[in-house]
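Starting from the structure of chain A, add chains B, C and D where the hints point.
Chains as they are written, first to last, in numbering that gives the first Met the number 0: chain A, 0 to 420; chain B, 0 to 420; chain C, 0 to 420; chain D, 0 to 420.
Hints listed in this document are in silico derivations from the structure and should not be mistaken for laboratory results.
Hints are not guaranteed to be accurate.
Identical chains share a label here; the pair holds if one copy fits it or two copies do between them.
[Stated by the list, open to error] Taking lysine to aspartate or glutamate and the EDC-like style, the derived pairs with C-alpha atoms no more than 20 angstroms apart in a straight line are:
id, residue 1, residue 2
1, K298, D327
2, K314, D396
3, K406, E219
4, K407, D396
5, K406, D396
6, K314, E394
7, K177, D327
8, K400, D22
Protein chains: 4
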Amino acid sequence: MATRANSVAFPTVISVDPFVPADKQKGLHNRWHPDIPAFVTVKPGETFNVECIDWTGAQIGNNDNSDDIKNVDLTKIHNLTGPIAVEGAEPGDCLVVDILDVRPFPQMPWGYTGIFELENGGGLFAREFNSRACKAIWDLKGVYATSRHIPGVRFAGVSHPGLIGTAPSAELLATWNKREGELIAAHANAVPTVAFPPEPRGAYVGQDIPDAVRAKIAREGARTVPGREHGGNCDIKNLSRGSRCYFPVFVKGAKLSVGDLHFSQGDGEMSFCGAIEMAGIITLSTSIIKGGVEKFALKQPIFLPSPVDPMYSSKLVFEGISVDLHGDGKQYNMDASVAYKQAALNAIAYLMKLGYTREQCYLLLSAAPVESHVGAIVDSPNACVTMGLPLGIFEHDILPKEEGLQKKDFGQCAIRSDGVL
Amino acid sequence: MATRANSVAFPTVISVDPFVPADKQKGLHNRWHPDIPAFVTVKPGETFNVECIDWTGAQIGNNDNSDDIKNVDLTKIHNLTGPIAVEGAEPGDCLVVDILDVRPFPQMPWGYTGIFELENGGGLFAREFNSRACKAIWDLKGVYATSRHIPGVRFAGVSHPGLIGTAPSAELLATWNKREGELIAAHANAVPTVAFPPEPRGAYVGQDIPDAVRAKIAREGARTVPGREHGGNCDIKNLSRGSRCYFPVFVKGAKLSVGDLHFSQGDGEMSFCGAIEMAGIITLSTSIIKGGVEKFALKQPIFLPSPVDPMYSSKLVFEGISVDLHGDGKQYNMDASVAYKQAALNAIAYLMKLGYTREQCYLLLSAAPVESHVGAIVDSPNACVTMGLPLGIFEHDILPKEEGLQKKDFGQCAIRSDGVL
Amino acid sequence: MATRANSVAFPTVISVDPFVPADKQKGLHNRWHPDIPAFVTVKPGETFNVECIDWTGAQIGNNDNSDDIKNVDLTKIHNLTGPIAVEGAEPGDCLVVDILDVRPFPQMPWGYTGIFELENGGGLFAREFNSRACKAIWDLKGVYATSRHIPGVRFAGVSHPGLIGTAPSAELLATWNKREGELIAAHANAVPTVAFPPEPRGAYVGQDIPDAVRAKIAREGARTVPGREHGGNCDIKNLSRGSRCYFPVFVKGAKLSVGDLHFSQGDGEMSFCGAIEMAGIITLSTSIIKGGVEKFALKQPIFLPSPVDPMYSSKLVFEGISVDLHGDGKQYNMDASVAYKQAALNAIAYLMKLGYTREQCYLLLSAAPVESHVGAIVDSPNACVTMGLPLGIFEHDILPKEEGLQKKDFGQCAIRSDGVL
Amino acid sequence: MATRANSVAFPTVISVDPFVPADKQKGLHNRWHPDIPAFVTVKPGETFNVECIDWTGAQIGNNDNSDDIKNVDLTKIHNLTGPIAVEGAEPGDCLVVDILDVRPFPQMPWGYTGIFELENGGGLFAREFNSRACKAIWDLKGVYATSRHIPGVRFAGVSHPGLIGTAPSAELLATWNKREGELIAAHANAVPTVAFPPEPRGAYVGQDIPDAVRAKIAREGARTVPGREHGGNCDIKNLSRGSRCYFPVFVKGAKLSVGDLHFSQGDGEMSFCGAIEMAGIITLSTSIIKGGVEKFALKQPIFLPSPVDPMYSSKLVFEGISVDLHGDGKQYNMDASVAYKQAALNAIAYLMKLGYTREQCYLLLSAAPVESHVGAIVDSPNACVTMGLPLGIFEHDILPKEEGLQKKDFGQCAIRSDGVL
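Excised from the complex, chain A in its bound form (with noise of 0.2 angstroms):
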């Protein structure tokens, strides 16, 4: 018969208590170094959970204002649960991850989507829309979120790690950190920042080390927020649960770290905190391919999108080109990140149309199973670029009818506290 002696748990490597500030709790650390140690060891071929605490460290509350989001301190993200140590991966081997399960914590059934303060986290559209703290709390109801900030939808979460990657080289850091600080360099007074230069405010390792290693990783530890060689923070929706991704391995160990966890996101996670961030457990396990980088041409991770999706196939698809970004027609030369832009601006235009505000629009753009192709990028000076919504994540058709649109009202998600939008 069926007894607890033969049904064995998966082991949690690492655990986390998802209401304790991450800079409180070990096993968690928020930048990227070779000299941060392996805080577990795995075996291939051995599955496990690793418990992640949201990418903010609970600085964010199920609760109706944005005050929360305004207030944000971003020299602490984005926190991350590890590294793994995983047995037998020396630099130039190919690790190999599955991604086998993504979930919230049972105990906190919740995820929340932000839209940042211009001067502090920005998005997509902070300059454009001169951004002003607001939040959507998502209710995580098994396979689906909806929101009281944004009636109308429901939908299917892809949960994936927002952010996984392998631990970069010293000579990989020293790259990232010379590359990016040119470009800091070149765009001195840019608001919001182009990029994060290391920052020892805010630098945490969850891990008794030495003070001079911890000086040192403070001090040059790469920022979390963008993806890189190593995987890192790509958004990328699609890796989710059920994927196998393929990492080049730097250092010996290989030295996973994960986090970020969403419950779901579109593509582009064009607020920032665009997707349902969450606090969760994530199941992986691994295996290595020796050799693996020369063998693939592994520059950057590759994966298998899992077999398991939300199966959203009517959609409502918007065209941006590169053009007009600012209202003032001017032409971008084949400028993608311009086209998609306006794919969202024409979204967004649309959805008002149906009684969102553009608030509510940017969030649930940002959080929804929406799908973003490069249509073309080659004719010039014209890249184009597509966003589709999910006719299904509505309650209702929103498709354009002979009479126009019915609007409706949906009142607006939460905001700051003082009113101010």
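What follows is chains B, C and D alone, placed relative to chain A:
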């Protein structure tokens, strides 16, 4: 019983001969201008066929060298069929177009994909690869394409018009010419050029019109290369047979033109002549939504993709970030175009491990139903773009293996008769 | 350049005229018999077109009453094109057939779905509904079908040959005739009949053959109604354009015949003349696997469905169990046929709440891309079969609503000119 | 910030211990009877968890022989959790149930698939195969299942409750007992039995109820094996996490019960204990549509499948027709059950060519996400049913090849400790 009398074929409102140069035929044109008269008028609700020559106007042949690609006259493109006026359409209306079918001519069951010379046409990697003319001929066998120039693959086409749009008003045309002219002025000596100003040489309108009008069109007419607010050369692979597209109307009658039919295309169409270019027949029907531009906030077309699509759900996905485009390690600022190129270069590097030449990879990724998503566009400074290769199009297993990838000899695509690559 | 010389259309190996009665044309036959000579021979690897008349041989017209359905001569069906010999095929081989395309004749862009009279043709609910002749004419507009007789729906077809198979050997034919004869004998007076014995009346072979052979074929030839070990009238909707099918070979040359083209069909094809029946063109290519019957344990055909399929992922699913077929509450013993019928009756009852007549429901569920799965077939005594209606085919929202279903007037399908239903 | 106070887990309204025999636990029952009191009451709109023991009530262990399957006590099945009353539900209403999640207990990440003995449980091929007990244990790793007893496959589960339904009224219960009794009477000595009459032995209600009520329930209560008008053991694999199901209500409070959770199942669940049977947790929410039975013509449940589903689009499909079930060549009369069995036998024969044993094939086709469609059910006398094997679940390429199929050694599943097969 079934009789000829109770069976009425859909009318073909404009016919062409795919074997006769475009500028010898009626009902074709290759510039956008409001003064090009409607060649034919249809009623809303009517189903009709439109025949299209390939985009170059029969310049490319079914043979095994790329000299025709090398010498292509690009002042003569794109050859569009139309304009087709729709009764009752007025500026500010929305023209709904159902793309009911897209198929090659029975007498011409083949298409081509080309890499242009750096100095004559370019393409996404024109400079990086110092491109020389290459070509793949595809046999179009029902739903499938295969190529003697790229063995080992077979895929179902997602057939679509690369180019479809309504005529611009005089004001819109002036806007285009102004903004694109400013871009050209800012990049005076770029090779390839960043945009194409009006060019009287090669301009063609296949109608009997007064010389002064013809000259005006040639002098002012917008080139067909980029997609714009009216649709145009958007090269969106999912605007395929079975789609419904909503166009803004800028002139009385809407004056729809269509051409550049593609049997298949990958997201991005990276080699520029990157789709499987074909001559063929498109079946359309239309309707009008009065005042639709205002009703739907219609700045550019929106569309409903077809329910019919190749289901290549298993993919191998390559990531790209906005760094190091030219091997110099440079960091770009949230540039999705660079990220797309990185993802493509990563995919090419992988496919070359399997034995395909760089030219074959470039052509294949342009023509096959490759999916490119904008992963994240907010993680400063790295945009992340993915490129997914459908596994089902390959005759062999291309997955990463413990033992590495098996390299085969797939020959080479069609190259220049002088052998220069 | 593109020329007529370098562009070669696929050959049409057998041509028919869809407006001429089948028994006035060459290359058609309507019985299975090994002595029907090959009408044409193709080589493995060759791509070729085959033209097919509709299954009744032009008996049904595009009009608004069902008298032709009422009076249809079913001794003359199914009209197949062929046989087509494949060079080198021998008994015991596996004939691989690629179904590359299936489409209506351009000059006949319509098809029909019929309900036969109880006494002439029957159908799944012939007895339950005491069926009288009904008909829906479908307009075939590119990928879509619509019907003036069933308003409010539009769907993409999953076009396929209802009937395709290799010729039986004399031994196999004898087996068929014996086993079916025994069944008929056991149900002597059933209406509709349970099976169809060889029937000289109406038998046809459109070739010049000796009278004795013709008489033998007419006397012994198996009727085309059921699917059998050679394929035949399997009416599998997913054996559609893009599929690859593996047939056992029973006679030298394999002698493939094909017909009964369907623009669309629901799983089960319940009204018998239930698909959208059409005349048209099928494009095929073949290859041979020597000894394939033994290699693959090939008792019946196996196939790889097309990657191209309508993606109607959202469905409303009806359950059926094996009870109460005739309103008498009777329990059947694990009978999936009864369970299918229950699911269908449940779906019909639901659609009638929306305003469709029983006849329209019966026709629609037969012709639309309805999916019927065997849920469970082991939970004694109830088999459970489901029937899923794709929501995307309806112009209106048909989902269950708090306020109930809105009943509309959809008129009626084409009925008998005497008005009898 | 995120706090325990602003994070509320969904309540678990009934808890069970998966390692304790079902008849030692509260809140379980294994018969359908209107007099079983509600164990708990929920409000419409509430989201709640329900814990379920595996269907046998912990009789089967995670080990490597099948003696527990051989000796299983089937008078004690299925162990259901409930009944759960929904406030406000009345007979004639429609109970809408959202199946939000279905997952194994973390402490029990495994499940099993069994073949029962001919004389104790049977299964689809019990007689044909003279079945002896066999078993496969599956490790449930996030979205995937693998088995040491069936190597070479890995698949994503489409997790669902095999059994979920509302309580019957006394009248409905009487109808069931009457009609099933008549069937049993008509097949008095069948092995396996054709149906299961009420059986006091093993009957269980895990509540404190008067002895007389308990005895009545034991005496009259319907067995849980078949699905019926209230839902029940329908074993529909697509009634999975993310589905919405509409049940008819027969008693005050609706009294929903649920159990027999399946991690995965193929269409048909052919070996009877054929799903991956598991203990676990199901998350539900409910609402009520007053008078829904009449509004929707609700004779049995209808449902909306989940948007989340494994996308195994590439399949190898086997056909089956209604002949020759026992090797005697007999022709059956349009019998979809026989056709299903033929398709399954054809699939088994094919898989055996690859090296799997008959027992492994039987288990695999029962448990994996195999799709079985009713192809055609009108082509007298042969019903045609298909069985599609998803190619993506196999680690090796199983497609038909010119050179035949490569036979490997996959060992054997768990068999009886006495070695009898």
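Now for the hints, and whether the structure bears them out:
Only between protomers do K298 and D327 lie at most 20 angstroms apart by alpha-carbon distance; the minimum there is 14 angstroms, versus 39 angstroms within a single protomer. For a Cα distance limit of 20 angstroms, the shortest separation of K314 from D396 qualifies both inside one copy, at 12 angstroms, and across copies, at 16 angstroms. For the identical chains of this complex, K406 and E219 are neighbours neither inside a copy (52 angstroms) nor across copies (41 angstroms), given an alpha-carbon limit of 20 angstroms. Proximity of K407 and D396 under a CA criterion of 20 angstroms is satisfied in both settings, with 12 angstroms inside one chain copy and 19 angstroms between copies.
Taking CA atoms no more than 20 angstroms apart as the test, K406 paired with D396 passes in both settings, with 12 angstroms inside one copy and 19 angstroms between copies. Proximity of K314 and E394 under a CA criterion of 20 angstroms is satisfied in both settings, with 14 angstroms inside one chain copy and 16 angstroms between copies. Taking CA atoms no more than 20 angstroms apart as the test, K177 paired with D327 passes between copies only; the shortest distance there is 12 angstroms, against 35 angstroms inside one copy. Proximity of K400 to D22 under the C-alpha cut-off of 20 angstroms is found in neither arrangement, the shortest distances being 53 angstroms within a copy and 40 angstroms between copies.
Hints 3, 8 from the list above are not met by this structure, while the remaining hints are.
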